[in-house]
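Sequence lines, in order, name chains A and B.
Counting along the first sequence from 1, when you hit position 260 you're at 260 in this note's numbering, and nothing is skipped either side.
Counting along the second sequence from 1, when you hit position 206 you're at 206 in this note's numbering, and nothing is skipped either side.
Read the hints as simulated data drawn from the structure, not as lab findings.
Just to be clear, a hint being listed does not mean it is correct.
[Stated by the list, open to error] Restraint-style ranges between C-beta atoms, simulated for each label pair:
no., chain 1, residue 1, chain 2, residue 2, range
1, B, P251, A, N237, 54 to 62 Å
2, A, F66, B, S50, 38 to 46 Å
3, A, P30, B, N34, 48 to 56 Å
4, A, L29, B, D249, 30 to 38 Å
5, B, E136, A, Q309, 40 to 48 Å
6, B, D110, A, Q309, 33 to 41 Å
7, A, F66, B, D266, 35 to 43 Å
8, B, E136, A, D261, 43 to 51 Å
9, A, M262, B, E136, 18 to 26 Å
10, A, G189, B, E188, 43 to 51 Å
11, B, G294, A, A165, 55 to 63 Å
12, A, A165, B, G216, 40 to 48 Å
13, A, L263, B, K8, 53 to 61 Å
14, B, G294, A, S33, 37 to 45 Å
[Said to hold, decoys possible] For the chain A half of the interface with chain B, some residues (derived, Cβ under 7 Å), not all of them:
no., residue
15, G15
16, T20
17, N22
18, L46
19, P51
20, V53
21, T57
22, L84
23, I99
24, F144
25, G226
26, G333
Positions of the beta carbon are idealized from the N, C-alpha and C atoms, including for glycine.
The lines below spell out each chain.
There are 2 protein chains.
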Amino acid sequence: MKDTPTNKILLAHGGGGRLTANLISNNILPKFSNEILAQLADAASLELDSPAVCFTTDSYVVKPLFFNGGDIGKLAVCGTINDLAVAGAKPVALSLSMIIEEGFELGVLDKILASAAEAADGAEVSIVAGDTKVVETGAADGIFINTAGLGTKLPDVNLSFGRIAPGDKIIINGTIGDHGMTIMSQREGIKFESQLASDCASLAPLTCRILEAAPGVKFMRDPTRGGLAATVNEIANSTGHSIELYEKDIPIKPAVQAAADMLGFDLLDIANEGKVVIVTAPDTAEKVLDVCKGHPLGAGAGIIGEVAQSEDGPIVELITKVGGRRIVQMPYGRELPRIC
Amino acid sequence: MKDTPTNKILLAHGGGGRLTANLISNNILPKFSNEILAQLADAASLELDSPAVCFTTDSYVVKPLFFNGGDIGKLAVCGTINDLAVAGAKPVALSLSMIIEEGFELGVLDKILASAAEAADGAEVSIVAGDTKVVETGAADGIFINTAGLGTKLPDVNLSFGRIAPGDKIIINGTIGDHGMTIMSQREGIKFESQLASDCASLAPLTCRILEAAPGVKFMRDPTRGGLAATVNEIANSTGHSIELYEKDIPIKPAVQAAADMLGFDLLDIANEGKVVIVTAPDTAEKVLDVCKGHPLGAGAGIIGEVAQSEDGPIVELITKVGGRRIVQMPYGRELPRIC
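Produce the complete structure using the sequences and hints provided.
See the structure below:
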């Protein structure tokens, strides 16, 4: 029996039978060619350089699937690589699992997979394990992708909330809000959307270089959902120290600010996908800044704040451009559904 | 600002802000208490016993979410543990990522998470990383769960298609079709559904014991989607050898057979979630069988077939109870959507 060619995903593509095998051999394996994946074992077998590992996962439900600067495939690869990178690891391998709605275009799936493969290749990370499930039309919205990531810890690196102390500097590697405002502008169809592009990128080349040059860095986190506001509030709450941010020093693109103003968002709350917040002692801050500025992913880096003594419990304050102070709260979370 | 209590999942629970933090601290962390997860780092930090690891992932979209013998939480934990187990690894850590539909009952989520935690505890595996995304009502069907798994390879174990040779015995640890027919019977509402129960279980205790007692075992695979038919066809196609299955020796529960007959399914194609197919040399087959029979997960084990010389390319043949022969094809995959 010959299988009828199809340009759409069918339920049988997720059934574990012949159509699943076809999808794997025709659409998936050619894009992610590596010896481990090609074995199609129940689990990928890896020899790591070290038994000290980092392990993480994220699911991606971004809408729309394609946006200026990326798509769900690139995002799913870069996002999970970044969680390893900011934990002080060298990313080694990813898994990639898809939940696809019946009727989804195979051509669109191919584009997403090609983009995921390109992002993984660019970061020198192998996609070694995967899974495909198909659900009926209406039971999912197009495609959702999960990636999990495995990395080996960089030697002599010790990143933790516990090392953060008053006086430490807070650095970011570039402009905030680019990813979230790109997605929201495309969704709302506002006119200048073409001027906006997601910052979606793999941060590992930058973080590895920073940690090599300044192993004394104390903490890193990528300000994704919840934006810079969520990240600095997490730092404040976990350390018990307060944080001051300097509004004038936070890098923002004018078109991003215009979009935020038009749509009524505070850019501090908006997701980034190629940014890292770095906390480091004052005497290494310039070194970190130099490393950032010497790398394409950190050209717009700046010191944007400082860890401060907490008076009555930890708070985050923004020192405004006119010298006022306002509290930066943990966002509620309703602002931007399906941003990543 | 006090958050209004809610008994339903809101979009903001997936927004990375305060409601996400509440969900993590109130509903997730108390169930999966371990030091690694409690750090809430971007990636979990682990010291493994060995740098030789296995890594795998699966997404779970089973419908209904609760079934006789399990639920999506237990299934997501056991299924990924089993992929590590049959690859010859000792499962160590899992990630668990959820995509939840807005409006999903928090009480139901709690049940699912408690069940996942119980399954992980029972298998002595820690859930060390996680993620929660929420999509609008209608953009997903209740809840989908992805788990990825990390295990360390058992020493001196070498499982691969390449070692399989004609004459090798094929062993299964018990009855086939229990999981798939339980799900289908519940979906169809047929009367004897109460007599059926999924075999959903973590196989690692059994596979580790088998590999310790009989390190010469050549290959193992869990016959999930596509059932026994898919697994033996994969073995035939990957080795180039043919396979003979003995119908009279394949363990089947009468109620499962009755359900399959009523609904028109071939049990060879039906998913299992607590079964392992083991390929081993003839001189170790009895040893493997003894180990199986001495373990609760293998009490119903039997030798169900043999690897044979291939004449004109590899085929799988069933020797029927009356002595006939029929070809067992790779299932097409349409039989059972959302079985796991």
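Hint-by-hint comparison with the structure:
1. B:P251 / A:N237: 54 to 62 Å: Given about 55 Å between the Cβ atoms, the range holds.
2. A:F66 / B:S50: 38 to 46 Å: About 41 Å separates the Cβ atoms of F66 (chain A) and S50 (chain B), which means 38 to 46 Å holds.
3. A:P30 / B:N34: 48 to 56 Å: This hint is violated: roughly 40 Å between Cβ atoms.
4. A:L29 / B:D249: 30 to 38 Å: The hinted range 30 to 38 Å holds for L29 (chain A) and D249 (chain B), with Cβ atoms some 35 Å apart.
5. B:E136 / A:Q309: 40 to 48 Å: At 43 Å between Cβs, range holds.
6. B:D110 / A:Q309: 33 to 41 Å: holds, 40 Å
7. A:F66 / B:D266: 35 to 43 Å: holds, 41 Å
8. B:E136 / A:D261: 43 to 51 Å: The hint (43 to 51 Å, Cβ to Cβ) is violated, given that E136 (chain B) and D261 (chain A) are roughly 26 Å apart.
9. A:M262 / B:E136: 18 to 26 Å: Given a distance of about 23 Å, which is inside 18 to 26 Å, the answer is holds.
10. A:G189 / B:E188: 43 to 51 Å: Check passed, 45 Å falls within 43 to 51 Å.
11. B:G294 / A:A165: 55 to 63 Å: Given range 55 to 63 Å: holds, Cβ gap about 58 Å.
12. A:A165 / B:G216: 40 to 48 Å: violated, 57 Å
13. A:L263 / B:K8: 53 to 61 Å: violated, 27 Å
14. B:G294 / A:S33: 37 to 45 Å: holds, 43 Å
15. G15: holds, 3 Å
16. T20: holds, 5 Å
17. N22: violated, 9 Å
18. L46: For L46 (chain A), the interface hint holds, since the closest Cβ of chain B sits about 5 Å away, which is under 7 Å.
19. P51: Where the cut-off is 7 Å and the nearest Cβ of chain B is about 4 Å from P51 (chain A), the hint holds.
20. V53: holds, 5 Å
21. T57: holds, 4 Å
22. L84: holds, 5 Å
23. I99: Interface hint status for I99 (chain A): holds (5 Å vs cutoff 7 Å).
24. F144: holds, 6 Å
25. G226: holds, 4 Å
26. G333: With Cβ-Cβ at 3 Å, under 7 Å, it holds.
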